[in-house]
Amino acid sequence: MFKEMILKTIKSGETCGNSITDGKYTCAYRELPEIFANIAVFFTQAKVSPHDCCIFRCGNSVPEAVLLLWMLFMKRDFVILPPVGKKEQTKIERSRLPQFCQSMVSVDLNSSNMDIKDPGSYIGIAANANFSEDAGIPAGLGSVFLRTSGSTAEPKLVEHSNKKLTQNAMNAAERLKLQADDRIIIPVPVYHMYGLGAGFLPGVIVGASIDLVANTNVIKYLDHEKRFKPNVSFMTPPLCEMLLRTRKRSYHYRLVVTAGDRIGRKAFEQVEKTFGTFINLYGSTELGVIATSKLSDPLEIRSQGIIEPLPGVEIHIETKDKEGKMSEIICRHDYGLEAYVDKRGRRISRDEEITRFNTKDLGKWMDSDKDTFKVMGRTGNSINRSGILVSFSEVESLMEQGIDEIDHIVVMAKDDGVTSYRGKKLAACCQLKPGTVTNEKEIRSRCFHIMMRHMVPDEVVLIKEIPRLPNGKFDRKSLKKRMEEK
Amino acid sequence: MSEPIMNQLKEIIVKKLDVNITYEDIDENASLYEDGLGLDSIAIVDLIVSIEKEFSIAIEDDELNADLFKSLDTLVGFIQTKIKKG
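Chains as they are written, first to last, in my numbering: chain A, 1 to 486; chain B, 1001 to 1086.
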């Protein structure tokens, strides 16, 4: 399936001259057949059987992207993992490596004689120390395994078929109206579904020019932007926010896509003003792209996070009790995962789990025809108050929109053993905009005017700066600890 | 002129950025990134915003490049030029 799509890109006169770049190396689509042939010879010489499932350490560089495309083109089975960094060298990370993969494939980006057409100059193949003879997967299905984040438990491997992964990417390309003359910048990792299934593969399928940015920071992003002159970008909310803080001039994109955490309405509008049409994309490692804002919707609708499922996706949100009440989003996706697999290669999911997939996200229908919906937060990030489910992200959104002085906000349950009469205590940690003056009491009293009573936080705490994780997301865990010690 | 700028810059890093760096940790010739002072993406943005505020200068998009942060010395030189240009 993927093979046919990439052959189209390689052969078409309209796209064969377009290229993939990373700022250092560049490869035109028309060069791929020769490189693919050389990689095939290299793998044969290295005695890697076509039926071996490999671990592929894949970052955002041209040599890695080319190898990734070859693996998909050849319908090989592989597990895609991040390049080796400090974390990957730890004992625990090594012990988590899949046992059903015999070899580990990586790219040496510091190779002194790197020649993109000579795979021997950059591809390294080593034995997987964790390989176990008696572990295994059904060979030769062209499965691509992605790893879940593992933030709450041992990470699981998610198996996608070559065919459905391609269909998922085609679906995304169609929705985002990607085309051959687009110049797509991808500052998010291609070893994650967002970078791979929403950005990179759809871009390749339409034959667009692609710029890959590794280990993105604002400076690096601006460097790439200046040089590559993209018109489509796949960002994250923290990157959007950092760009808004530093850049002086607006730069017009045809389309800027964001995924992940909710982005506040005000920031959303500011991004649109600075960069151009801005849309939300909702997806997951398991299902690929599920829904996006409608490109034709006005800013007013898109900035509220209202999204529409892609073709082939059926969303179920139970609304039997009250109109608009939120509950978990359950999704049937024609192009979603095949199964969850453990590190020994055993399928650990039941079929009904896959066909009716519990996203663990809370959703709410936004129109009576149930065509559009809104993701309200994770099921874990909500509590029951006065018998009604309150999503932290909804309270955050209301406070951010309704109280001008608030710059950033994190709402959480406070486990101090004391429950308010409404149920578990709700606390809001607010970081004010520089130069603004207000106090905790004042903010709380204003909450009564902008939200239902059961949503009003029991406690408002002003903090100088909300702690963040290295990836820019709010560090809810350390904030919670800080709040509990208070 | 460069010494007061260097001192002010160090003060920003130690006091304004949440990076757990002391005056003694700062090597004026080391890179500000992971391979030197270890400032991450957010800390670099905080640094840019603080420099603009403290020195009353505006760093344009075109001026933001990786070379600017290759050492504190480079950054001091840049700030000095911006101040002179007024």
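The hints are simulated quantities; they were obtained by calculation from the structure and are not laboratory data.
Just to be clear, a hint being listed does not mean it is correct.
[Unchecked claim] PhoX-like cross-link-like pairs, simulated, lysine-lysine; straight-line CA separation at most 20 Å:
id : chain 1 : residue 1 : chain 2 : residue 2
1  : A       : K433      : B       : K1082
2  : A       : K248      : B       : K1082
3  : B       : K1053     : A       : K433
4  : B       : K1015     : A       : K433
[Unchecked claim] Residues of chain A placed beyond 10 Å of chain B at every Cβ, according to the derived structure:
id : residue
5  : L7
6  : R94
7  : K163
8  : N217
9  : D223
10 : H316
11 : I348
12 : D371
13 : H408
14 : E442
Bear in mind the structure is a predicted one, so any value in this text is a computation, not a measurement.
Each residue gets a CB set at the ideal place from its N, CA and C atoms; glycine is no exception.
A quick look at each hint next to the structure:
no.	hint	result
1	A/K433 x B/K1082	violated, 27 Å
2	A/K248 x B/K1082	holds, 16 Å
3	B/K1053 x A/K433	holds, 15 Å
4	B/K1015 x A/K433	holds, 19 Å
5	L7	holds, 38 Å
6	R94	holds, 22 Å
7	K163	holds, 37 Å
8	N217	violated, 4 Å
9	D223	violated, 6 Å
10	H316	holds, 38 Å
11	I348	holds, 36 Å
12	D371	holds, 38 Å
13	H408	holds, 12 Å
14	E442	holds, 26 Å
The earlier numbered hints that this structure contradicts are 1, 8, 9.
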